[in-house]
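Fit chain B to the known structure of chain A by using the hints.
In order, the protein sequence lines correspond to chains A and B.
Numbered according to our numbering, the first sequence spans residues 1 to 379.
Numbered according to our numbering, the second sequence spans residues 1 to 321.
Be a bit skeptical, because a hint or two may be false.
Distance ranges between label pairs, derived from CB positions [what the hints assert, rightly or not]:
| hint | chain 1 | residue 1 | chain 2 | residue 2 | range |
| --- | --- | --- | --- | --- | --- |
| 1 | B | Trp148 | A | Leu187 | 33 to 41 Å |
| 2 | B | Leu299 | A | Leu187 | 53 to 61 Å |
| 3 | B | Ala133 | A | Gln200 | 17 to 25 Å |
| 4 | B | Gln313 | A | Ala76 | 47 to 55 Å |
| 5 | A | Arg148 | B | Tyr36 | 52 to 60 Å |
Think of the hints as simulated: they come from the structure by calculation, not from any bench.
Idealized CB from N, CA, C, for every residue including glycine.
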Amino acid sequence: MKSLGSIRRDFAPWNDPNAKPYIQFDKVTKKFGDFTAVNNLSLTIFEREFFALLGASGCGKSTLLRMLAGFEQPTAGRILLDGQDLRGIPPYRRPVNMMFQSYALFPHMTVEKNIAFGLKQEGMPASDIEKRVAEMLRLVKLEQFAKRKPHQLSGGQRQRVALARSVAKRPKVLLLDEPLGALDKKLREETQFELMDLQQELGLTFVVVTHDQEEAMTMADRIAIMDKGEVVQVATPAEIYEAPTSRFVAHFVGNVNMFEGKVAERAANTTRITGATGAQIVVENAADAANGADIVFAIRPEKIKVSSKKPADAVNALQGEVYDVAYLGDMTVYHIKLDDGQIVRASALNASRVTEDPLTWNDRAWVSFRPDAGVVLTR
Amino acid sequence: MSNIAATAAPSSETAAALPTRLAKGFVDRLVIIVPYLWLLFFFLVPFVIVFKISLSQTAISMPPYTPVLDFTDGVSGFLAGLRELNFDNYTWLTQDALYFNAYVTSLIIAGISTILTLIVGYPIAYGMARAPATVRPILLMLVILPFWTSFLIRVYAWIGILKPEGLLNQMLLSLHLISQPLVILNTYTAIFIGIVYSYLPFMVLPLYSSLEKMDYSLIEAAQDLGCPPTGAFWKITFPLSLPGVIAGCLLVFIPAVGEFVIPDLLGGSQTLMIGKTLWNEFFANRDWPVSSAVAVILLLVLTVPIMFFQQAQARAQEQGK
Numbered sequence: 001m002k003s004l005g006s007i008r009r010d011f012a013p014w015n016d017p018n019a020k021p022y023i024q025f026d027k028v029t030k031k032f033g034d035f036t037a038v039n040n041l042s043l044t045i046f047e048r049e050f051f052a053l054l055g056a057s058g059c060g061k062s063t064l065l066r067m068l069a070g071f072e073q074p075t076a077g078r079i080l081l082d083g084q085d086l087r088g089i090p091p092y093r094r095p096v097n098m099m100f101q102s103y104a105l106f107p108h109m110t111v112e113k114n115i116a117f118g119l120k121q122e123g124m125p126a127s128d129i130e131k132r133v134a135e136m137l138r139l140v141k142l143e144q145f146a147k148r149k150p151h152q153l154s155g156g157q158r159q160r161v162a163l164a165r166s167v168a169k170r171p172k173v174l175l176l177d178e179p180l181g182a183l184d185k186k187l188r189e190e191t192q193f194e195l196m197d198l199q200q201e202l203g204l205t206f207v208v209v210t211h212d213q214e215e216a217m218t219m220a221d222r223i224a225i226m227d228k229g230e231v232v233q234v235a236t237p238a239e240i241y242e243a244p245t246s247r248f249v250a251h252f253v254g255n256v257n258m259f260e261g262k263v264a265e266r267a268a269n270t271t272r273i274t275g276a277t278g279a280q281i282v283v284e285n286a287a288d289a290a291n292g293a294d295i296v297f298a299i300r301p302e303k304i305k306v307s308s309k310k311p312a313d314a315v316n317a318l319q320g321e322v323y324d325v326a327y328l329g330d331m332t333v334y335h336i337k338l339d340d341g342q343i344v345r346a347s348a349l350n351a352s353r354v355t356e357d358p359l360t361w362n363d364r365a366w367v368s369f370r371p372d373a374g375v376v377l378t379r
Numbered sequence: 001m002s003n004i005a006a007t008a009a010p011s012s013e014t015a016a017a018l019p020t021r022l023a024k025g026f027v028d029r030l031v032i033i034v035p036y037l038w039l040l041f042f043f044l045v046p047f048v049i050v051f052k053i054s055l056s057q058t059a060i061s062m063p064p065y066t067p068v069l070d071f072t073d074g075v076s077g078f079l080a081g082l083r084e085l086n087f088d089n090y091t092w093l094t095q096d097a098l099y100f101n102a103y104v105t106s107l108i109i110a111g112i113s114t115i116l117t118l119i120v121g122y123p124i125a126y127g128m129a130r131a132p133a134t135v136r137p138i139l140l141m142l143v144i145l146p147f148w149t150s151f152l153i154r155v156y157a158w159i160g161i162l163k164p165e166g167l168l169n170q171m172l173l174s175l176h177l178i179s180q181p182l183v184i185l186n187t188y189t190a191i192f193i194g195i196v197y198s199y200l201p202f203m204v205l206p207l208y209s210s211l212e213k214m215d216y217s218l219i220e221a222a223q224d225l226g227c228p229p230t231g232a233f234w235k236i237t238f239p240l241s242l243p244g245v246i247a248g249c250l251l252v253f254i255p256a257v258g259e260f261v262i263p264d265l266l267g268g269s270q271t272l273m274i275g276k277t278l279w280n281e282f283f284a285n286r287d288w289p290v291s292s293a294v295a296v297i298l299l300l301v302l303t304v305p306i307m308f309f310q311q312a313q314a315r316a317q318e319q320g321k
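Just chain A, with the same shape it has in the complex:
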């Protein structure tokens, strides 16, 4: 069976028409004075989903999260959690917990007391609190730091305390606001996988806000790409990457080459595109592009093959010269200047240590790709 991306997802309630939505944003608008932070946005998140809100700063993703937590009230629209309208419910009565970007650990309390704070508010018996705190400390591997205060911990340890504190109450939904933003790169990568494991283990619904596409791609079941207070696309990481529905999404996630052009001829399975500078490209899946329509053909660098000779079986092959080349270890990145002047970025995985067909600056070269290697974008 063919599928986008390399992961088969068995958990996909969003494809099931009978699945009950867990969190629903229903035409939600939020204005701060004249500024519209969230604009008539509708979004559905399912139970046990790891959902990421991805966007540049100021796109409204944090506002969306804060409305779910109850720190902001929508100007219009409804937010439902498990069928219940959250309007008018203050943050301290909502069955959601948030992990703050700054961690917001209480500086005057020990790690233990920080984690126990929410449980105490619930009126849980002291012996149960003790047990739960011990369990949480074990979960985040901080048993020996129970009596420390936040300022005696490293950044990574603080992040874990914040996490333990926010899941200690077993919320229906855990909200994470840039959870890994303050960690260094290596620690961030480790923690991404730990967060996924934790979500599996606890069986909670996670909603994470991030501006880091890699973070969202790694962790999330689905990603909502946001721009100017609106959701541009909601899809699995593979769909976002392999089948973006707009130029914005294609540009926002990963690297992409864009060819401006017009639909020249539509056949049963393939569509021929004439590039703005005359290049002919044949593609599959140009679903809703009519004849003569202005479109953009978007193709990822790793889908493009670079070679010194024209590949015999290539449907699409364009000639140019090597403008720049960079060896990154795991892969090599080429910038090929096509004869029509457009620069194409291509990357090749260095799957073997020796290369048959090495290229250097100013070499004549061919770029080629399969008809299903890219997508046609009408927006």
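Then chain B, alone, in the frame of chain A:
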């Protein structure tokens, strides 16, 4: 080769840097010396003089006390004086209940006023700290503004407000809230009002500085974890503002204990505070030795507990780190 270079380099550097480093050390020390000199000349020396006077006896002379512990008769005279030294003035303070009562009343009045100032000042400081960042400098200015008028004039102004035919009574009478003028002036109430009014900025400023530093997301975190706003205040905001609370309370309490102007102007003749007692001993009785003893004891009463307190705090902080 590289080893030799590595070891040689630091020593030559030291040789060259030595004079400048010495000069820098001297400058550093000079900077530290300034506050010490200040304390020496304006605190320690006056204190020693006052302490010396407190050991002498009153005399009809200029100055009005017998010389004690001086070197006019040489070293032997100093040693003889040392042998004759007595603490009669201090014993006298314990024999007359007036002094004990004055100390205790002063401490109680200062204590109550400090708590009242805290109650009035905390919401002001909290409001300022939560105000939009653009408004804060203006609010800060408003708190400091009264200092631009003389303290004495401001306390006098309160007489005009509080006296039986004063502004406050006129207003309340005209609003028919009272039928008889309230007697506020020349009571302890007037002293409390005066102290709270005069010392409010000393409470508000340290509170403001500790509240302003606080990360508001802590309150959100507390609420997120199920704590209603009032609970979040007592569990998070207040504990975190404690350094400001303590600093503000000390800044109000210490000067309030020895306050003279406010009880004298607003408290009338029957109120008993140690500042007034001291003034009476000094100016009315011209008993410099006893008034000096009063001052020395006041200093001890204030500094010793505060020293212990600060030591305990330093220790707690050490443990916390």
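Of all the hints given earlier, name the ones this structure violates by number, lowest first. Failing hints, ascending: 1, 3 and 5.
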